[in-house]
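Residue numbers (the numbering used here), protein chains in the order written: chain B, 1 to 291; chain Y, 292 to 582; chain Z, 583 to 873; chain L, 874 to 1164.
In case anyone wonders, no lab produced these hints; they're calculated from the structure. Treat the hints with care, as some may be off.
Unchecked claim - Derived pair list, reagent style EDC-like, types lysine to aspartate or glutamate, alpha-carbon separation capped at 16 Å: (1) B:K20 / B:E226; (2) B:K20 / L:E889; (3) L:K1103 / L:D1087; (4) L:K1103 / L:E889; (5) Z:K812 / Z:E834; (6) Z:K812 / Z:E823; (7) B:K20 / B:E96; (8) B:K230 / B:D53; (9) Y:K311 / Y:E387; (10) L:K893 / B:E226; (11) Z:K602 / Y:E369; (12) Y:K311 / Z:D796.
Read off the chains here:
Protein chains: 4
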Amino acid sequence: MCRWMGWFGQPVLIDEVLFKTPHGIVDQSLLSRMGAEPTNGDGFGLGWYGAGDGPGVYRSVEPAWGDANLREIAGHVESPLFLTHVRAAIGSPVQETNCHPFRHGRWLFVHNGFIADFHLLRRDLMFALDPELFPEVRGSTDSEVVFHLALTLGLEQDPIAALERTTGLIEATAERRGVKDAVQGSFGVSDGVGLWAVRYATSGQPRSLFASADVETVRGLYPDNERLQKLGHDDRLIVSEPFSDLPGAWHEIPPSTAVTLRRGEGVEMRPFRPAPAAPAVAPERSPAVSV
Amino acid sequence: MCRWMGWFGQPVLIDEVLFKTPHGIVDQSLLSRMGAEPTNGDGFGLGWYGAGDGPGVYRSVEPAWGDANLREIAGHVESPLFLTHVRAAIGSPVQETNCHPFRHGRWLFVHNGFIADFHLLRRDLMFALDPELFPEVRGSTDSEVVFHLALTLGLEQDPIAALERTTGLIEATAERRGVKDAVQGSFGVSDGVGLWAVRYATSGQPRSLFASADVETVRGLYPDNERLQKLGHDDRLIVSEPFSDLPGAWHEIPPSTAVTLRRGEGVEMRPFRPAPAAPAVAPERSPAVSV
Amino acid sequence: MCRWMGWFGQPVLIDEVLFKTPHGIVDQSLLSRMGAEPTNGDGFGLGWYGAGDGPGVYRSVEPAWGDANLREIAGHVESPLFLTHVRAAIGSPVQETNCHPFRHGRWLFVHNGFIADFHLLRRDLMFALDPELFPEVRGSTDSEVVFHLALTLGLEQDPIAALERTTGLIEATAERRGVKDAVQGSFGVSDGVGLWAVRYATSGQPRSLFASADVETVRGLYPDNERLQKLGHDDRLIVSEPFSDLPGAWHEIPPSTAVTLRRGEGVEMRPFRPAPAAPAVAPERSPAVSV
Amino acid sequence: MCRWMGWFGQPVLIDEVLFKTPHGIVDQSLLSRMGAEPTNGDGFGLGWYGAGDGPGVYRSVEPAWGDANLREIAGHVESPLFLTHVRAAIGSPVQETNCHPFRHGRWLFVHNGFIADFHLLRRDLMFALDPELFPEVRGSTDSEVVFHLALTLGLEQDPIAALERTTGLIEATAERRGVKDAVQGSFGVSDGVGLWAVRYATSGQPRSLFASADVETVRGLYPDNERLQKLGHDDRLIVSEPFSDLPGAWHEIPPSTAVTLRRGEGVEMRPFRPAPAAPAVAPERSPAVSV
């Protein structure tokens, strides 16, 4: 369910990465090879940093492959850092407020995967949110709640640590409610300066996640590929699945791993370990209410 | 903000009431005379009883006046009881899950008006919901929360009493949070058998609400009006504003009044009095969560 | 590209055929087995006969599988005769006026397939339309032009003969313009009384088309299948691809064949033979215009 | 019907002009003061020059005032030259291909007004198009046909002269078909370098059109208005109606006038005189077609 990608590097026309790349994310919306579902046609979103204040976000309920406006924006907006997400809805409505990326201030967030039996956990998790953030949840996906939990737990100070706390909290709550295998997926986060990605599942194999290899290596492997020769020293891609079959050009991110990209610092990986937490259990009902 | 209407009577092509009536609800979407805003173009919805299980609901984010599909449905579906709502959004996103009528089982609900400073109250009120109903709130309007509060407080047993309890609870909560003039508006509710409507404001003049007069009277007043001559003995309309300027054909529902329509029983009115309630105040944060 | 189905029989909730049938047309929108493309997510349409004047048509640019309103309409509208179409756009925009079925008065029309190099033929073919019908073409598909050509050539008097003339005209025009293999596809037509279907390709194998077998046979083959036991004597389905793998329940319509369904008359098949025609070649430019 | 505006000057965040200006074009979509209709809620479009090849175009069928994506694009895209249009549909469907601006290569085109009885003229005018341009007409508005006629008649060489020929051709054709008062409106055209605008009606008062006054004058008149002080020497606006009531800041373009804006050359006006033309009458039917 869902595929996403992040571009981190020199400013490019978004088009170059979204449409002009073989088996790019838009192709994956129509036919994904490695996703849980082959079709990711239940809306999409593009969040980009560039002109103006904070990131811009374009979201639509139409499939990415057929959305004329996405082609226009991609073909006429340059950005050094953007996240795109194509959605395969599993239960929640197809509406723009359910399309990723989600945004808070300068922050963008995408998720591929799910919280198991989310309808059993939604209320508990919503009440664990910072009350200030509560009314900011405008859609009905699990992912948006995860993002706001992470914001509650310090995303803006330390994204990976906050996601470890969030994952721990969700797992503890799920256990309390008798829900198994609570967290599944990959996460992408950015503030316009850095890009963070996580691949994790409570149990079993998490959704796939790849990082583009060192640019020099890639260029050396494919000296005749014009597009790859244009890659700059700092250019990196994080993707749910590789854009094309180029052996050596993509590194699979191992399960339970967090990736950090910062300007001039290359790709940094470290283990991702959910932080122990008490379950977030909301009282069963406001005592004021009785019929 | 918003206009709505309910038809209760003989089965008619919805078209007859929606489009073929001068200054009908669709005209009001483009130019309302008595609404708080002249334009109600931020989506709309139609809920109807007829074939199939429970009510059907068609909702769209396009303005009602331009939606080709609404004309098709209205022109090809018959119903003895339906509710239509045209929306003027005030803050919450234009999306189908924010369009009225809202539905739960056999029940439909529409609202014209608002809960004051709803962002300050949303969390408290969500917390007061029956936990089973919590995940059913899929949009971000105040109206959807009001509906689920009313369901929590017995709407399916006694709609008017439940709305009195709901209003009392909201007012108490608002007072506790320092929010004034909490509830404003008119409400419409149906289960496919009866139709209930309420006109109420915590203070000041509530949104307008009208019921069509006794059918015999209307026919007598306008003996040459073909459309009115077709009205059956039991046919009634409840509307935010009258469809056209026909003196004597419409009764204004007084403020703080509840209206009940049941087959063969005419229009019954009684005072609407919010029930005293303790405020619904949610704990400030799940104790499990601390950064 | 595209899949369609027609129901012809007793009045049913559309739902029964659209959503409650294994591998029904809505499933096919997400994953077609026999179509030229696996995904038919570029909009859809439903045209039905029932209440009101002429057929109702609901069309949407969202994929059929995710459209909440389609489920509502299907679940609450009964019809003895309806056509549904799911679209895989090939070049022309995803917009409601490009979604099938197309309508003219009481007539509905669907098409699965294409006119080869249509951009080279569009002007000639538009020019061959009855001038009264010219402004009725509101979208940009080949199919809508084919329908209006067939109306020009007598569809309302004899649907199959008109489609034979239309096909002949298109083939002659294509030949004149150097376009090969002009016509490909299956067509479905109804006036609310009869249902006509054609399977044809100028050369090669035409798009697949199936008719449900004689009801008694089907019931006998699957005595334990409740849904099939409910089929009435006259109930028939015409489909681009069978709903499920039930040997004996579906007859493949042979290439170059026209099918006619009329109440009480079963399925009638006859060869489909394009009528010889002169090409429809439009003058190169209005003589009034020169720069 | 419809309102439009063009910005021509220094690169600005589109936002500044679209949303942050009192009574800007988006406000006019909800409540126009000088338009033929107060509400222009039947879709809109934004065409801008900047990054990428040729202009980008974002079009939507939702009202401009409620479209979240328009706010995002406007807030995150800079452009020195853009055209925006808000639509009040009169008869033709609300679909993206009917939203202005229309585009051909580097050219953008907007229109406020109408061709009288267009359904009587559409066929004649379509056959007057350059056959190469015929399949480029993808929607069903009069405006799109006018644009392609102007392209046929030399828009890319001399926009004003081409619009004079186009107007003459339409008027001659209308007269031949017995249609009066054929052309009404204002037109805006750009190639990313210059901006051209025309105000014209065959008879009577044409739709309103204004140009912003000389920047120095405007600054002098309103020395305390921060927004106006930021205007650069070359900055100009062309608008269907002034953004706010600032006496002296706007010049009304007289009827039958063409305006040309070029970098460093200020505003140039000259009379707009339709060129004499023979009517564009299409033969009544392709001789090949007879039933």
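Original post:
Going through the earlier hints one by one, which of them does the structure break, listed in rising order?
Top reply: Of the numbered hints given earlier, those the structure breaks are 2, 5, 6, 7, 8, 9, 10, 11 and 12, listed in rising order.
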